[in-house]
Amino acid sequence: MGAANLGKHGRWKAFWRVYAVLAPTLDDFINDYCEAWKLRHTIDKEVIIFIDNDHRLAIPCSGTMDDKALVRHIRVFYNLARARVGIFEFFGAKSTLRIDVVKLEQHFAVGARVGPPLGLGRHGPFSRLVHYLKDPSKMSGTDLVQRLETEAVLTPPGQQTCALNIVRSWDPYITSTIILIPVVLSFIVSVLWSVIAAAYFKADVNASTQTAFTIGSYVVTAGRATHRPGGIPREQVCRQ
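In UniProt numbering, the protein residues as written are 1 to 240.
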């Protein structure tokens, strides 16, 4: 299917974009996308990743990739896994904290952590180790690739003894926004209700204010009760 040109020529990029929309499910798209990558003659290795100790995904890779190409490649598949939840996953209350190297238990489960997290540079005021995961364009060399090969993360398919575990945590900015939105909305509703009731309906000021803040408190309660931070489904993404 022209897999040798996968991701390089505009016509194949357009094909995959269209197929992503037309595929019966995103699972089908990801499985076919994985298989298409495996057909490339340069694809001779594989990296297994987990997301928060779960959601195993085997990513076909090339042994000729440098650090920049490999991180960019992993990021594509990681985002595909997140997209399975829906567009709101990218605006959820969790964000990537770091990527650990972990032992593989029976080839399908996360074991103990091996060494320090991947050195991808610190990002933001909370020092999340994801700078180059967000923007791999400035990466150079093969230090990361060599580490993954040495620790048996990047190997021919089925020969891994270690894997990558992408660790996520609550994002302070997003969670603060989620908490503040219902509070601010409640205050706005309360003030507007009081003004409208008093100005247009000539209601008693004390009664209208009390009613307004009762409604406002309901807005806060409803906002917190209905929000569910997005998670990632437990199904395996790429079938072996």
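Calculated directly from the structure, the hints in this document are not laboratory data. Nothing here was measured: the structure is a model prediction, and the numbers come from that model. Glycine included, C-beta positions come from ideal geometry on N, C-alpha and C. Each hint should be verified, as a subset may be incorrect.
Taking lysine to aspartate or glutamate pairs in the EDC-like style, the calculated list, with each CA pair at most 20 Å apart, reads [stated by the list, open to error]: (1) Lys-38 - Glu-149; (2) Lys-68 - Glu-149; (3) Lys-94 - Asp-135.
Taking CB as the label site, the calculated pair distances span [as the list claims (entries may be wrong)]: (4) Ser-127 - Val-21: 33 to 39 Å; (5) Arg-147 - Tyr-19: 21 to 27 Å; (6) Gln-159 - Gly-115: 32 to 38 Å.
Hint by hint, here is what the structure shows:
no.	hint	result
1	Lys-38 - Glu-149	19 Å, holds
2	Lys-68 - Glu-149	15 Å, holds
3	Lys-94 - Asp-135	19 Å, holds
4	Ser-127 - Val-21: 33 to 39 Å	38 Å, holds
5	Arg-147 - Tyr-19: 21 to 27 Å	34 Å, violated
6	Gln-159 - Gly-115: 32 to 38 Å	19 Å, violated
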